[in-house]
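Just so you know, the protein sequences line up as chains B and C, in that order.
Numbering-wise (numbering that gives the first Met the number 0), the first sequence opens with residue 0 and increments by one.
Numbering-wise (numbering that gives the first Met the number 0), the second sequence opens with residue 0 and increments by one.
None of these hints come from the bench; they were simulated from the model.
The structure presented is a predicted model; accordingly, all values stated were derived computationally and were not measured.
Just to be clear, a hint being listed does not mean it is correct.
Okay, derived cross-link-like pairs now, DSSO-like style, lysine-lysine, Cα gap no bigger than 30 Å in a straight line [to be verified]:
no.	chain 1	residue 1	chain 2	residue 2
1	B	LYS23	C	LYS52
2	B	LYS204	C	LYS52
3	C	LYS145	B	LYS204
Short derived list, chain C residues pointing at chain B, Cβ under 10 Å [claimed, not checked]:
no.	residue
4	PRO27
5	GLU45
6	TYR48
7	SER49
8	MET51
9	ALA53
10	TYR96
11	ALA97
12	PHE103
13	THR104
14	LYS122
15	TYR124
16	GLY131
17	GLY132
18	SER142
19	ASP148
In this text, a Cβ means the ideal position worked out from N, Cα and C, and glycines have one as well.
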Amino acid sequence: MAKIIAGVGTSHTPAIGAAVDNGKAGEPYWVPLFKGYEPAKKWMAETKPDVVIMVYNDHVNAFDFKIIPTFGLGCAEEFKIADEGWGARPVPVVMGYPELASHMIQSLVLDEFDMTIVNEMQVDHGLTTPMTLLFGQPKAWPCRVIPLAVNVIQYPAPTGHRCYMLGKAIRKAVEGWHEDLKVVIFGTGGMSHQIQGPRAGLVNKEFDQSFLDGLSSDPERLVRISPLEYLRDAGAEAIELVMWLIMRGALGDNVKEVYRFYHVPASSTAVGTIILESRQ
Amino acid sequence: MGGFRAQLRIDGKDVGMTQRPEDYEDIPGTWVFDAQRARIGYRLNEFLYSLMKAENRKEFLADEGTYTLKFGMTDEQRDAVLHRDWNKLLELGGVSYALAKLAFTDGKSYQFMASQMTGMEEKDYVAMMLAGGRSPDGWRSKSERKGKD
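Generate coordinates for the entire structure from the input sequences, incorporating the hints supplied.
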């Protein structure tokens, strides 16, 4: 059967992808960040997943405001890279896994999660930045990717608790698939940041460290964080962190933290990454 | 306007998931993009979304006044677009990621737009970020902020 063997939490700040694309990764501003991701990249190269489930959010690229799905699962053969306003990133097209994604849709809807089926969409930096950070710059991505786009743009985003429970249902769905596949799930976005209004630039290191600790040892504490707490204490855009709770929910109760890195800043964002292996 | 406090129960206990606009509207220097603001900003955001296409960016830059008439925005929204009044655009229902497309159309970065929203020079904003960012202390509520701006 297919199995979710590990989860990766990581920021998806667009400036990180742009730094790689424009050959700026070696500049002093960026060196500490990319150095911090080296062990994570090495772990990924050794782990060699067959499939990645990428929990991310679209930033008004695939979806405008005509339709706003809370949870949209990408079921297409492939996902092209969006032009977000400065040209599409020069990264490989993302190959999906429609057979497994369709199976997941059925399992999740019967488990009472009202998924939106997305048969055509372009993917933006929310998905491609984590791919670049963990897989580097290959000619083709080494695994298939099932995108799960979560609305965190229009308030309210789904609660952390809802996201955590969805993660558990995703684990069950994947385990119901007949092929032997190694699946790694990503939760992306965050960490603390605000990129709008006079309060832009907010960073809360204590909040972020506590969040990383909780992922590792006490996720039940994190699911109780209210939307107001994210917005007020960690910045208006820190609400993206609920997507990390989908990842955590999909790992089962017992996990082993194998890597963690935290860095400020990338543009306006506090950057964090964590790798958790499922021990179930 | 009432709003309500959602009662989410986890392990039999109520967990307060705030739903009251008066709670999040008390965060200083922030316009939360909630459903009411999204409703007001719908046409503004559709205009911004149109700037994803290169030909639209070109048409807009050639004649901003005429191009912006096509979307049914309010005069106040149009005026804020033409003046790049970023905070006003947030207040009138623009969402930051859509506003970024206007900044990109101008050949500016997201960081530039964010610094404009804070009233800082971009270099000072970058220096603040390199020094660890803006501390949340003093920025959690409007009463905490009073007299500091």
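Now the hints, each set against the structure:
no.: 1; hint: LYS23/B <-> LYS52/C; verdict: holds, 26 Å
no.: 2; hint: LYS204/B <-> LYS52/C; verdict: violated, 38 Å
no.: 3; hint: LYS145/C <-> LYS204/B; verdict: holds, 24 Å
no.: 4; hint: PRO27; verdict: holds, 6 Å
no.: 5; hint: GLU45; verdict: holds, 6 Å
no.: 6; hint: TYR48; verdict: holds, 4 Å
no.: 7; hint: SER49; verdict: holds, 9 Å
no.: 8; hint: MET51; verdict: holds, 6 Å
no.: 9; hint: ALA53; verdict: holds, 8 Å
no.: 10; hint: TYR96; verdict: holds, 4 Å
no.: 11; hint: ALA97; verdict: holds, 5 Å
no.: 12; hint: PHE103; verdict: holds, 4 Å
no.: 13; hint: THR104; verdict: holds, 7 Å
no.: 14; hint: LYS122; verdict: violated, 13 Å
no.: 15; hint: TYR124; verdict: holds, 6 Å
no.: 16; hint: GLY131; verdict: holds, 6 Å
no.: 17; hint: GLY132; verdict: holds, 3 Å
no.: 18; hint: SER142; verdict: violated, 13 Å
no.: 19; hint: ASP148; verdict: holds, 8 Å
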